[in-house]
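Colleague: Sequences and hints are given; from them, build the entire structure.
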Amino acid sequence: MKAMTAAALLLASLTCHAETPQQVRQTYVTEALSQQSGFAPSAKRGEALFRQRFAINDKMPGCTSCHTDNPLQAGQHAVTGKSVRPLAVAANPERFSDPAKVEKWFGRNCKEVVGRACTPAEKADFVTYMSEVR
Amino acid sequence: MKKIILITLLACSFPALADRLPMPGNAPASFKSECSSCHIAYQPALLAADDWRKLMAGLKDHFGSDAAVDSKTNLEITNFLTRNAGEVSRLGSAGNPPRITQTQRFVRKHREVPAKFWRDPRVKSAANCEACHRGAASGNYGEHDIAIPELRE
Chain A
1 MKAMTAAALL LASLTCHAET PQQVRQTYVT EALSQQSGFA PSAKRGEALF RQRFAINDKM
61 PGCTSCHTDN PLQAGQHAVT GKSVRPLAVA ANPERFSDPA KVEKWFGRNC KEVVGRACTP
121 AEKADFVTYM SEVR
Chain B
135 MKKIILITLL ACSFPALADR LPMPGNAPAS FKSECSSCHI AYQPALLAAD DWRKLMAGLK
195 DHFGSDAAVD SKTNLEITNF LTRNAGEVSR LGSAGNPPRI TQTQRFVRKH REVPAKFWRD
255 PRVKSAANCE ACHRGAASGN YGEHDIAIPE LRE
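As they're listed, the protein sequences go chains A and B. Residues in the first sequence are numbered consecutively from 1, following my numbering. Residues in the second sequence are numbered consecutively from 135, following my numbering.
Misleading hints may appear alongside valid ones.
Keeping only pairs whose Cα atoms sit at most 25 angstroms apart, straight-line, the calculated BS3-like set for lysine-lysine is [unchecked claim]: (1) A:LYS111 - B:LYS243; (2) A:LYS111 - A:LYS44; (3) B:LYS206 - A:LYS104; (4) B:LYS188 - B:LYS166; (5) B:LYS250 - A:LYS104; (6) A:LYS104 - A:LYS59; (7) A:LYS44 - A:LYS104; (8) B:LYS194 - A:LYS111; (9) A:LYS111 - A:LYS59; (10) B:LYS243 - B:LYS188; (11) A:LYS101 - B:LYS166; (12) B:LYS194 - B:LYS250; (13) B:LYS188 - B:LYS206; (14) B:LYS258 - A:LYS111; (15) A:LYS44 - A:LYS101; (16) A:LYS59 - A:LYS101; (17) B:LYS166 - B:LYS206; (18) B:LYS206 - B:LYS243; (19) A:LYS101 - A:LYS111; (20) B:LYS188 - A:LYS104; (21) B:LYS206 - B:LYS194; (22) B:LYS194 - A:LYS101; (23) A:LYS104 - B:LYS166; (24) B:LYS206 - A:LYS111; (25) A:LYS59 - B:LYS206; (26) B:LYS250 - A:LYS59; (27) B:LYS258 - A:LYS59; (28) B:LYS166 - B:LYS250; (29) A:LYS101 - B:LYS250; (30) B:LYS243 - B:LYS258.
Take a look, some chain A residues computed to stay more than 12 angstroms from chain B by CB distance [stated by the list, open to error]: (31) THR20; (32) PRO21; (33) SER37; (34) MET60; (35) ALA91; (36) ALA100; (37) GLY107.
Worth flagging that the hints you see were computed from the coordinates, not collected in a lab. All C-beta atoms in this analysis are idealised placements derived from N, C-alpha and C, irrespective of residue type, glycine included.
Modeller: In structure tokens:
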């Protein structure tokens, strides 16, 4: 019975899971700690990642290609031209509140722009920067 | 005289009718979340059913991006698109891979738009309907509602 309740709770949490950016960050921190003892997330490293030019994708050499140099501002998709809402939590409170969505976009954008999957440590840094930037 | 006014009014109202493409009410949530991040959620009537099938079968390389979704979501979205798809007789061929902007209907409707407008940084891509048709996401493609004033000719 207990197992069933737990399973039901887990299922419910998977279907509609709203979290705070702090919780999302904590998940990545925990994951990073299992790979690297003493890891502490850094907004500064997150910002460096955001501003890095990976240049493996002509149209999207870095995050700023679509998200602009200022994460508090709306961006524009480098290919389609569609407007992209700000990445910074201070400008767009919906950011980093849905773990599945966060994973989906780290998955897609890291592969396409960075050229590989991002590490849990990089994700923790990135979320930290986007949560703190004012 | 009255008759002439009526005919004129009717004639004027036809292009407006043809430029309204409302989103079907039964769109699954997955359609919105998966298909409206990088571009607006294009109305299913903009492509024919076979072209939607082709497009949905090739999401792994979706115009240079990996937009793949799990098979259950893919089926759900494909079913919605094909059930509400446009008629191939009205749209014409969309090329391969199918592009809304290559359908003969799209090309015909936009033939008066000069090349420099397509290159405008506010437009960027013909896929960016909203740059000019500000009501595109809600299905309003009327030519009297073009957002960029100097393009409104």
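Colleague: Taking the hints in turn, state whether each one holds.
Modeller: Hint check results:
no. : hint                : verdict
1   : A:LYS111 - B:LYS243 : violated, 37 angstroms
2   : A:LYS111 - A:LYS44  : holds, 22 angstroms
3   : B:LYS206 - A:LYS104 : holds, 16 angstroms
4   : B:LYS188 - B:LYS166 : holds, 19 angstroms
5   : B:LYS250 - A:LYS104 : violated, 36 angstroms
6   : A:LYS104 - A:LYS59  : holds, 20 angstroms
7   : A:LYS44 - A:LYS104  : holds, 24 angstroms
8   : B:LYS194 - A:LYS111 : holds, 13 angstroms
9   : A:LYS111 - A:LYS59  : holds, 14 angstroms
10  : B:LYS243 - B:LYS188 : holds, 24 angstroms
11  : A:LYS101 - B:LYS166 : holds, 13 angstroms
12  : B:LYS194 - B:LYS250 : violated, 32 angstroms
13  : B:LYS188 - B:LYS206 : holds, 17 angstroms
14  : B:LYS258 - A:LYS111 : holds, 24 angstroms
15  : A:LYS44 - A:LYS101  : holds, 24 angstroms
16  : A:LYS59 - A:LYS101  : holds, 23 angstroms
17  : B:LYS166 - B:LYS206 : holds, 15 angstroms
18  : B:LYS206 - B:LYS243 : violated, 35 angstroms
19  : A:LYS101 - A:LYS111 : holds, 15 angstroms
20  : B:LYS188 - A:LYS104 : holds, 24 angstroms
21  : B:LYS206 - B:LYS194 : holds, 15 angstroms
22  : B:LYS194 - A:LYS101 : holds, 18 angstroms
23  : A:LYS104 - B:LYS166 : holds, 15 angstroms
24  : B:LYS206 - A:LYS111 : holds, 23 angstroms
25  : A:LYS59 - B:LYS206  : violated, 31 angstroms
26  : B:LYS250 - A:LYS59  : holds, 20 angstroms
27  : B:LYS258 - A:LYS59  : holds, 12 angstroms
28  : B:LYS166 - B:LYS250 : violated, 32 angstroms
29  : A:LYS101 - B:LYS250 : violated, 37 angstroms
30  : B:LYS243 - B:LYS258 : holds, 19 angstroms
31  : THR20               : holds, 20 angstroms
32  : PRO21               : holds, 19 angstroms
33  : SER37               : holds, 34 angstroms
34  : MET60               : violated, 9 angstroms
35  : ALA91               : holds, 18 angstroms
36  : ALA100              : violated, 10 angstroms
37  : GLY107              : violated, 9 angstroms
Checked against the numbered hints above, the structure violates hints 1, 5, 12, 18, 25, 28, 29, 34, 36 and 37; every other hint is satisfied.
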